[in-house]
Amino acid sequence: GAVVSQHPSRVICKSGTSVKIECRSLDFQATTMFWYRQFPKQSLMLMATSNEGSKATYEQGVEKDKFLINHASLTLSTLTVTSAHPEDSSFYICSSNSPGVAGGLSTDTQYFGPGTRLTVL
Amino acid sequence: QKEVEQNSGPLSVPEGAIASLNCTYSDRGSQSFFWYRQYSGKSPELIMSIYSNGDKEDGRFTAQLNKASQYVSLLIRDSQPSDSATYLCAVWSRWGNTGKLIFGQGTTLQVKP
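Line order of the protein sequences matches chains Z and V. Numbering of the first sequence is given in this note's numbering, commencing with residue 1 and proceeding in unit increments. Numbering of the second sequence is given in this note's numbering, commencing with residue 122 and proceeding in unit increments.
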């Protein structure tokens with residue numbers, strides 16, 4: 001399957017600082033990437049859909065000014081958690097659809113990056 | 122609200138038995154269905170995708186889809202301790218001109234040696 005990487009895998013930061021997480025598609029071009037957050041013992045919750053060359057689409061309840069998403073190229077999307085607080089501590093995972101149906105939004109399989117564990121002290 | 126429901130478990134089966142994991146979904150227009158396996162502390166890993174009614178087999182795994190009943194299941198034959206993980210059912214749902222994966226809360230499977 002398609003390969004998606006994330007960096008860093010783990011980050012610990014002080015409250016009030018900003019953290020940037022990178023998500024890369026290694027063997028395909030991804031026009032759309034997805035950012036999820038997962039708290040312990042809970043399922044994945046979609047935060048936003050990242051579209052190359054345009055603004056991200058945020059899910060209801062997700063602060064777009066706090067979680068800045070940039071998708072400047074077809075292989076890289078970044079999520080910046082600004083002014084992080086302990087309640088932002090979570091497992092952040094990106095994903096992308098593998099190349100599939102031409103035209104329209106592919107419903108092909110989503111492949112996930114390995115995730116980034118964020119701990120805010 | 123489009124939803125995907127799973128029994129959180131834990132589902133405990135002895136080694137070598139068949140594990141049966143179930144999932145229901147609310148969006149009748151959904152066309153794409155997925156099962157992911159997630160080990161503790163790791164990201165989800167795709168096991169199966171299914172798009173048509175009926176069964177789809179891949180090794181020890183069989184996915185079953187019944188769109189009329191809005192029901193998806195995953196059977197794991199000859200369960201192994203290494204199959205112990207959380208299994209996430211996911212359904213692709215259309216939202217206007219876009220779409221997204223809706224996840225169930227996951228079922229924890231424990232395979233006992």
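To be clear, the hints were calculated from the coordinates, so they are not data collected in a lab. Errors might be hidden in some of the hints.
No farther apart than 25 Å at their CA atoms in a straight line, the calculated lysine to any residue pairs in the SDA-like style are these [unchecked claim]: (1) V/LYS177 / V/GLN122; (2) Z/LYS55 / V/LYS177; (3) Z/LYS41 / V/LYS233; (4) Z/LYS41 / V/LYS177.
Residues from chain V that keep clear of chain Z, each with C-beta distances beyond 10 Å, as calculated [to be verified]: (5) SER133; (6) ASN143; (7) LYS163; (8) LEU167; (9) GLU178; (10) ASN187; (11) SER190; (12) SER205; (13) THR219.
Even glycine gets a Cβ: it sits at the ideal position worked out from N, Cα and C.
The hints, checked one at a time:
1. V/LYS177 / V/GLN122: 28 Å, violated
2. Z/LYS55 / V/LYS177: 38 Å, violated
3. Z/LYS41 / V/LYS233: 21 Å, holds
4. Z/LYS41 / V/LYS177: Given that 25 Å is the threshold and the Cα spacing comes to 29 Å, the pair is violated.
5. SER133: Its Cβ never comes within 10 Å of chain Z, the nearest being 18 Å, so this holds.
6. ASN143: 16 Å, holds
7. LYS163: 7 Å, violated
8. LEU167: 6 Å, violated
9. GLU178: 17 Å, holds
10. ASN187: 19 Å, holds
11. SER190: 21 Å, holds
12. SER205: Given that every Cβ of chain Z is farther than 10 Å from that of V/SER205, nearest at about 16 Å, it holds.
13. THR219: Non-interface label on V/THR219 violated, nearest chain Z Cβ at 6 Å vs cutoff 10 Å.
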